[in-house]
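Colleague: Sequences listed follow chains A and B, in order.
First residue of the first sequence? That's 352 in the working numbering, and the numbers climb one at a time after it.
First residue of the second sequence? That's 352 in the working numbering, and the numbers climb one at a time after it.
Hints were generated in silico from the structure; no laboratory data involved.
One thing to keep in mind: the hints can contain errors.
Lysine-lysine pairs mimicking DSS-like chemistry, simulated, CA-CA at most 25 angstroms apart [said to hold, decoys possible]:
| no. | chain 1 | residue 1 | chain 2 | residue 2 |
| --- | --- | --- | --- | --- |
| 1 | B | Lys765 | A | Lys674 |
| 2 | B | Lys418 | A | Lys838 |
| 3 | B | Lys854 | A | Lys419 |
| 4 | A | Lys408 | B | Lys890 |
| 5 | A | Lys646 | B | Lys765 |
| 6 | B | Lys787 | A | Lys419 |
| 7 | A | Lys765 | B | Lys646 |
| 8 | A | Lys419 | B | Lys838 |
| 9 | B | Lys765 | A | Lys787 |
| 10 | A | Lys838 | B | Lys787 |
| 11 | B | Lys854 | A | Lys787 |
There are 2 protein chains.
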Amino acid sequence: MRILIVGGVAGGASCAARVRRLSEDAEIVIFERGPYVSFANCGLPYYVGGEIPEEGKLLVASPALFKKRMNIEVRLKQEVVRIDRAKSEIEVKDLETGNSLHERYDALVLSPGAIPIRSPLPGIDLAGIFTLRTIPDAREIKLWIQQRKAKRAVIVGGGFIGLEMAENLTALGLKVSIIEMQNQVLPPFDPEMVSGIQGHLKEKGVDVYLKEAVAGFEEKSSGGAIRVLTKSGVKMETDLVLLSIGLRPDVKLAQEAGLMIGKRGGIEVDQQMRTSDLKIWAVGDAVEVEDIVTKEKTLLALAGPANRQGRIAADAILGRASKFRGVQGTAICKVFDLTAACTGANEKTLMRLSKPYEKVYLHPFQHASYYPGASQMNFKIIFDPADGTILGAQCIGAEGVDKRMDVIAMAIQKHATIFDLEEAEFCYSPQFGAAKDPVNFSGMIAANAIRGDCPVAHWENVKPAETVMIDVRTPEEYLKRHVPGAKNIPVDELRKRLSEIPKDKEILVYCGVGLRGYYAARILLQNGFTAKNLSGGIKTYLNRQ
Amino acid sequence: MRILIVGGVAGGASCAARVRRLSEDAEIVIFERGPYVSFANCGLPYYVGGEIPEEGKLLVASPALFKKRMNIEVRLKQEVVRIDRAKSEIEVKDLETGNSLHERYDALVLSPGAIPIRSPLPGIDLAGIFTLRTIPDAREIKLWIQQRKAKRAVIVGGGFIGLEMAENLTALGLKVSIIEMQNQVLPPFDPEMVSGIQGHLKEKGVDVYLKEAVAGFEEKSSGGAIRVLTKSGVKMETDLVLLSIGLRPDVKLAQEAGLMIGKRGGIEVDQQMRTSDLKIWAVGDAVEVEDIVTKEKTLLALAGPANRQGRIAADAILGRASKFRGVQGTAICKVFDLTAACTGANEKTLMRLSKPYEKVYLHPFQHASYYPGASQMNFKIIFDPADGTILGAQCIGAEGVDKRMDVIAMAIQKHATIFDLEEAEFCYSPQFGAAKDPVNFSGMIAANAIRGDCPVAHWENVKPAETVMIDVRTPEEYLKRHVPGAKNIPVDELRKRLSEIPKDKEILVYCGVGLRGYYAARILLQNGFTAKNLSGGIKTYLNRQ
Numbered sequence: 352m353r354i355l356i357v358g359g360v361a362g363g364a365s366c367a368a369r370v371r372r373l374s375e376d377a378e379i380v381i382f383e384r385g386p387y388v389s390f391a392n393c394g395l396p397y398y399v400g401g402e403i404p405e406e407g408k409l410l411v412a413s414p415a416l417f418k419k420r421m422n423i424e425v426r427l428k429q430e431v432v433r434i435d436r437a438k439s440e441i442e443v444k445d446l447e448t449g450n451s452l453h454e455r456y457d458a459l460v461l462s463p464g465a466i467p468i469r470s471p472l473p474g475i476d477l478a479g480i481f482t483l484r485t486i487p488d489a490r491e492i493k494l495w496i497q498q499r500k501a502k503r504a505v506i507v508g509g510g511f512i513g514l515e516m517a518e519n520l521t522a523l524g525l526k527v528s529i530i531e532m533q534n535q536v537l538p539p540f541d542p543e544m545v546s547g548i549q550g551h552l553k554e555k556g557v558d559v560y561l562k563e564a565v566a567g568f569e570e571k572s573s574g575g576a577i578r579v580l581t582k583s584g585v586k587m588e589t590d591l592v593l594l595s596i597g598l599r600p601d602v603k604l605a606q607e608a609g610l611m612i613g614k615r616g617g618i619e620v621d622q623q624m625r626t627s628d629l630k631i632w633a634v635g636d637a638v639e640v641e642d643i644v645t646k647e648k649t650l651l652a653l654a655g656p657a658n659r660q661g662r663i664a665a666d667a668i669l670g671r672a673s674k675f676r677g678v679q680g681t682a683i684c685k686v687f688d689l690t691a692a693c694t695g696a697n698e699k700t701l702m703r704l705s706k707p708y709e710k711v712y713l714h715p716f717q718h719a720s721y722y723p724g725a726s727q728m729n730f731k732i733i734f735d736p737a738d739g740t741i742l743g744a745q746c747i748g749a750e751g752v753d754k755r756m757d758v759i760a761m762a763i764q765k766h767a768t769i770f771d772l773e774e775a776e777f778c779y780s781p782q783f784g785a786a787k788d789p790v791n792f793s794g795m796i797a798a799n800a801i802r803g804d805c806p807v808a809h810w811e812n813v814k815p816a817e818t819v820m821i822d823v824r825t826p827e828e829y830l831k832r833h834v835p836g837a838k839n840i841p842v843d844e845l846r847k848r849l850s851e852i853p854k855d856k857e858i859l860v861y862c863g864v865g866l867r868g869y870y871a872a873r874i875l876l877q878n879g880f881t882a883k884n885l886s887g888g889i890k891t892y893l894n895r896q
Numbered sequence: 352m353r354i355l356i357v358g359g360v361a362g363g364a365s366c367a368a369r370v371r372r373l374s375e376d377a378e379i380v381i382f383e384r385g386p387y388v389s390f391a392n393c394g395l396p397y398y399v400g401g402e403i404p405e406e407g408k409l410l411v412a413s414p415a416l417f418k419k420r421m422n423i424e425v426r427l428k429q430e431v432v433r434i435d436r437a438k439s440e441i442e443v444k445d446l447e448t449g450n451s452l453h454e455r456y457d458a459l460v461l462s463p464g465a466i467p468i469r470s471p472l473p474g475i476d477l478a479g480i481f482t483l484r485t486i487p488d489a490r491e492i493k494l495w496i497q498q499r500k501a502k503r504a505v506i507v508g509g510g511f512i513g514l515e516m517a518e519n520l521t522a523l524g525l526k527v528s529i530i531e532m533q534n535q536v537l538p539p540f541d542p543e544m545v546s547g548i549q550g551h552l553k554e555k556g557v558d559v560y561l562k563e564a565v566a567g568f569e570e571k572s573s574g575g576a577i578r579v580l581t582k583s584g585v586k587m588e589t590d591l592v593l594l595s596i597g598l599r600p601d602v603k604l605a606q607e608a609g610l611m612i613g614k615r616g617g618i619e620v621d622q623q624m625r626t627s628d629l630k631i632w633a634v635g636d637a638v639e640v641e642d643i644v645t646k647e648k649t650l651l652a653l654a655g656p657a658n659r660q661g662r663i664a665a666d667a668i669l670g671r672a673s674k675f676r677g678v679q680g681t682a683i684c685k686v687f688d689l690t691a692a693c694t695g696a697n698e699k700t701l702m703r704l705s706k707p708y709e710k711v712y713l714h715p716f717q718h719a720s721y722y723p724g725a726s727q728m729n730f731k732i733i734f735d736p737a738d739g740t741i742l743g744a745q746c747i748g749a750e751g752v753d754k755r756m757d758v759i760a761m762a763i764q765k766h767a768t769i770f771d772l773e774e775a776e777f778c779y780s781p782q783f784g785a786a787k788d789p790v791n792f793s794g795m796i797a798a799n800a801i802r803g804d805c806p807v808a809h810w811e812n813v814k815p816a817e818t819v820m821i822d823v824r825t826p827e828e829y830l831k832r833h834v835p836g837a838k839n840i841p842v843d844e845l846r847k848r849l850s851e852i853p854k855d856k857e858i859l860v861y862c863g864v865g866l867r868g869y870y871a872a873r874i875l876l877q878n879g880f881t882a883k884n885l886s887g888g889i890k891t892y893l894n895r896q
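Isolated chain A, as found in the complex:
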């Protein structure tokens, strides 16, 4: 059996290795148009910034290793330019010699990846405007910075790569500005969750321009610097531009071969990663996969799913019944001293799909607050109000963020509910958690909301005319900063001051993060008031400002 694989990074390399482990007899050839296979794409920003000092570190497996350990042939700088489905052949162009040859396949696996988007803006092809996707990309950026003694960088697009590069370019001493079209950085998150990240970027000296788009680029005469022009008329002079506005699946080859392309623009595959051609599979960033939470088709350019898809395709090619279970969008991004991670659906998506959901905010410490180093996280969990099924979660903090999102990722995979989180048993010693872990808390607060023990309200829905807002913190906290229109009745005085509160209006209580508000709401509810707790307290309110 002759298995040809187009693209030798995450998905393709995983598929090739898996095929060999399942079959000693298969002939396996990987065609890679770039100069490397199996490299650590996710390490590129840290190689640019010097955190990863050697380029060689990024090379997970060399062609020589593929050959000697796995008897897999790797052909570098060979681009597959055409698929002849009728003949089960591909046409391969040697990018060094320009020669073409034809290769026959029994099974073909497409792992072409995705291409960084370069909008056709004026000046887009000027020297000094980069994207970052490959080792040569990283090398060029490093060289440019050294040779030009670059002092300033403009990053277009505040997604994961944009923010990782903001940190790494800052580490190299560059003054970084980020231009982002949306009203927030990190689009997989909801905007109120990343306001802290935006503030943190500013603290670290990064200028963040939201709701701002690039109109074009101009070359400045003196020294090759670039002028970035925005649609609102801002002009920025810079030594380097990084475009990180997103990726599009590289479907050219598949499309030209007449394979089905999905609505989102990715290659259509079934659960075994098979395309519309029985002999052709596709994996990785170029394919559309099902989101297990929303059941929608989606594009997700992440290494983990790509690797798993590669394995599934290998299984399928060799007649196994393995199926890809879909994706849930678990992702993480370190931004200077903070980490942002998420899993499952965000609120924006659920709103767009008109799916019913409820949410709660919390701000727990990552470990016992009595132990040194405790720091607060911003945590949001989204769930089905009917049965408590977890739909998604987002968390930002200094430490322990990855742990909580991985736990919830596992929970979502198993269709767990917030009631399961309430009862979950996690590691507790003061360095690592608390007797009630943040994940437990998220389940408890959500369960209180669903059971009606403590209904929640959300800041974005507050209608001052129809409600009474009570700040249940201490007078000192209230005086320092409070929400306009809120009356102060400290929770510890509430039982004695119930007569001050109207019974004919909805009472919204809030505190610092939601705990005292919970106590206050319980007192009010049991005394016949209609009360709700403003989820996340004033901390979430401030995140929304």
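Dock chain B against chain A, hints included.
Modeller: Chain B in isolation, oriented as in the chain A frame:
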């Protein structure tokens, strides 16, 4: 409704607070024989060692806070000495005045906790022999160290508290020796998993005596130092002894009241935490609970389950249907620069219960190995060989250990299988994980074993006469250190050297950690050999030495 609660630490305090949140009308009184309620027991070793500088940090909630926020009365230094079930009364002794009084209840909650075991050894009551369970205990130890200028400590018992205290006393400059009766420290783990912890303790200057028991203590004339005598005849001079040989549930009150006591010596309760008396509930370290993996009754002295039980009891008292789901023994211990964590059943327990299980070992890096700071973990996962249900996991390492065990804790709670771990989607950026996370790897290796793709063998079962052992690492690695009796055929030469391997014997291959062994086993299996991979490679072999 009058609800009396005996014991005001984790379970009792949680129960009281929950009752109040559910009922403004209930009269709630907590009786606590000690001087504090709701303190952070788990922080005591770090208070002794100075990591937590102020005693006040350990106090989670004061009686004053209970009163003003929750309208809960806390009576300190009041010991409940008798339950009169017929009259629904308790007799309470004021430990300061000696006076007794009777208090009527509608519902009684027992949260008496557990008592550190003090074996009746000669000299056990000498000054300078401590246990650590309460704030006064910690204060006494600190004072003793200061006043006596203690330089040496002997810790009897190498469990969680023993090891945490070894670290903290070492931090204070004491030379620490640990005496442990079993052949390992940290009894919730299997012995081969903690050999690295034992080595690490030695590196940090702690002497560890395994399979050694204390025979008695003698006072040394000069300066009040203590001589510890062991059963094997060792004599150790020390300035301080910490007994940390375990806890027994404090069931005196319950037993004298005629409540049912279980086989493990704890108070018997149903899923609603109700004892054999309809008006009496019990929670925390004193009760027997069901282990969700083994279905056995067990004692588990941990704060997380105690808190959850307190909530369940409160719900039950107020007529709610909440049920305690049982425990799975998720626990963690930091030992100097290493962390050990586990969840679910260990191998010792499964063996004792004659439950069928399989296991695999792995030694993955906690994050991408190309990113600085990567360090290897010792990871073991135990599963049902019939259907892959996860039964337990143990992990030791420098970083990321808590995360992996929390994820698997969640998986076990949801009855997940190793196949679920294979397909799980976790956070990946190079600081936090890898495209294939250690948890994914554990699932993949286990799945390979179950599916027969790569059957595993274990070092403890190797029978040299019946098998051929092949070390598939490089000659350099082999020469440096190999397992006696193993022949060296590097994996990359294996395809060419198959003729050197007998077809009529079982072939056991091993490498460094198991990955090359996997490749080698696949090559052999597909070429008609009977081959197994020695799980965890030479690293696991060395852990067993």
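Colleague: Compare the distance between the alpha carbons of lysine 419 (chain A) and lysine 838 (chain B) with 25 angstroms, and conclude whether the hinted pair is satisfied.
Modeller: Given that 25 angstroms is the threshold and the Cα spacing comes to 20 angstroms, the pair holds.
Colleague: Just to be careful, I want the Cα atoms of lysine 765 (chain B) and lysine 787 (chain A) compared with a cutoff of 25 angstroms; is the pair within it?
Modeller: holds (19 angstroms)
Colleague: Does lysine 787 (chain B) lie within 25 angstroms of lysine 838 (chain A) when you go C-alpha to C-alpha?
Modeller: With a Cα-Cα distance of about 52 angstroms, the restraint between lysine 838 (chain A) and lysine 787 (chain B) is violated, given a limit of 25 angstroms.
Colleague: Measure nothing beyond the straight line between the CA atoms of lysine 646 (chain A) and lysine 765 (chain B); if it is 25 angstroms or shorter, mark the hint as holding.
Modeller: holds (22 angstroms)
Colleague: Below or equal to 25 angstroms on CA atoms is what counts here, so check lysine 765 (chain B) against lysine 674 (chain A).
Modeller: holds (21 angstroms)
Colleague: Would the pair lysine 418 (chain B) and lysine 838 (chain A) pass a check requiring their Cα atoms to be no farther apart than 25 angstroms?
Modeller: Holds, because 24 angstroms separates the two Cα atoms, which is no more than 25 angstroms.
Colleague: Keeping to a limit of 25 angstroms between CA atoms, is the pair of lysine 765 (chain A) and lysine 646 (chain B) held or broken?
Modeller: The hint holds at about 22 angstroms.
Colleague: Lysine 854 (chain B) and lysine 787 (chain A) were given as a pair; does the straight-line alpha-carbon distance stay at or below 25 angstroms?
Modeller: violated (56 angstroms)
Colleague: Going straight from one Cα to the other, do lysine 787 (chain B) and lysine 419 (chain A) come out at no more than 25 angstroms?
Modeller: Answer holds: lysine 787 (chain B) to lysine 419 (chain A) is near 23 angstroms, not above 25 angstroms.
Colleague: With the threshold set at 25 angstroms, check whether the alpha-carbon distance from lysine 854 (chain B) to lysine 419 (chain A) stays at or below it.
Modeller: Since the Cα atoms of lysine 854 (chain B) and lysine 419 (chain A) sit roughly 24 angstroms apart, the hinted pair holds (cutoff 25 angstroms).
Colleague: Holds or violated: lysine 408 (chain A) and lysine 890 (chain B), Cα atoms, limit 25 angstroms.
Modeller: holds (23 angstroms)
Violated hints for the displayed structure, listed by number in ascending order: 10 and 11.
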